[in-house]
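Engineer: Spelled out from the first residue to the last, the chains are:
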Amino acid sequence: MASAKEIKGQIKAIQNTSKITKAMEMVAASKMRKAQDRVVAARSYAEGVKQVVANLMQAHPEYQHPFVTERENVKKMGALVVTTDKGLCGGLNTNTLKKAIGILKSQEVETEVYTIGRRAGAFLKRFTDIAASVENVPDSPEISDILGVVGVAMERYLSGEVDEVHLVYSEFENTMTQTPVSIRLLPCSIPENATHTGYWDYLYEPDSKEVMDGLLRRYVESLVFHSVLENKACEQSARMVAMKAATDNAKDIVKDLSITYNKARQAAITQELAEICAGAAAAG
Amino acid sequence: MATSTVKVLVATAEREVYRGEAEMLVAPGVAGDLGILPKHAPLLCALTAGELRITVGAEEVDEVFVSGGFMEVQPDMITVLADSAERATDIDEAAALAAERKAEEVLAGKQDDVDYAVAEAELSMTAARLAWLRKKKKH
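Going down the list, the protein sequences come from chains A and B. Each residue of the first sequence is one higher than the one before, counting from 1 in this note's numbering. Each residue of the second sequence is one higher than the one before, counting from 1 in this note's numbering.
Hints listed in this document are in silico derivations from the structure and should not be mistaken for laboratory results. Heads up, some of the hints might be wrong.
In the PhoX-like style, the derived pairs of lysine-lysine whose C-alpha atoms are separated by at most 25 Å in a straight line are [said to hold, decoys possible]:
(1) B:Lys-102 with A:Lys-50
(2) A:Lys-50 with B:Lys-7
(3) B:Lys-7 with B:Lys-39
Given only the sequences and the hints, what does the whole structure look like? Please build it.
Structural biologist: Pasting the structure below:
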């Protein structure tokens, strides 16, 4: 059995660790609330774009933009995968990446990925090509942080380099549950919530093609931006839960070690007493 | 006759900037300023950097600065999907100046095409914003 002194050192070390995990838990809890607020704040734009695109498609059903036209045979598929930059957030990234691998293997075609977050790049480079990536997305992301990587995905799709692009990320359900989800980003499904039905058309300025092209791009960008915001909320809640588990675990270990420490201390006293007694008997 | 109003929503990808009822809205369209009154025919238009003047009442005008984007007009609703936007009260001249200087520095350096395009866009926006701030100060 380890000496009492050694065990005491171990207890101290574990207590220090649990202080850190406790602090991280509290930081994650406050960041989670802010991240959720951001998801809500971004909703008006996302819904606005969706609405306009829906109305546009309703008014213009004959015009086929490449972003909404299905391609018959898919030769190469792309996936935009959203993960976190840092670890210590439980199984969040593992689940997302598992989903991504599932998507990439679902059709027997060539693949490539565009990654957001360091974890996706580090893992996926073993399986497929990485065409674009962005790392260190700040806690309060702005849409400009992701335009580069989304731009690459859109260009590769338009040039016919890839025929489908999927988006994989984690969706925030509640503090305990984050679900990995995937949607087909390109060609994108047309939202069906047109507010103004019947035969009518917009006036366009400068012209319908240009406006439609710009709007569809923004629609795709807003879908990706939404996924990044969701993923941020997931990251913080997953981290909060993971750190709470770590703190609880540390408490259990300290409890066990304290018992071992007391036993070791008692054994040492008993032994000392026995030695003294034996010594006294021998002298007497 | 009671003046009619139209709902106005200005949003960027990150947040909602403005929501309210307006009697008139003047927007910086790519081909020139557009004035929109309630019950306007449906219109979709690309916006350039400039100010959005929202007439709320007889004397009241709210101003929002947009860097570009799109505007959808329906008879009862105007939705401005801005690339970035700020309320007049939030614009800080010092910050605008600093941003302009930074954009010019990057332009002078001209590292590569991507940076160049970004910087150029940023410069045109901050310049427009500053011009507007100066105009306001004169009044």
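Engineer: Indicate, hint by hint, whether the structure satisfies it.
Structural biologist: Hints, one by one, checked against the model:
1. B:Lys-102 with A:Lys-50: violated (35 Å)
2. A:Lys-50 with B:Lys-7: holds (18 Å)
3. B:Lys-7 with B:Lys-39: holds (11 Å)
Checked against the numbered hints given earlier, this structure breaks only hint 1.
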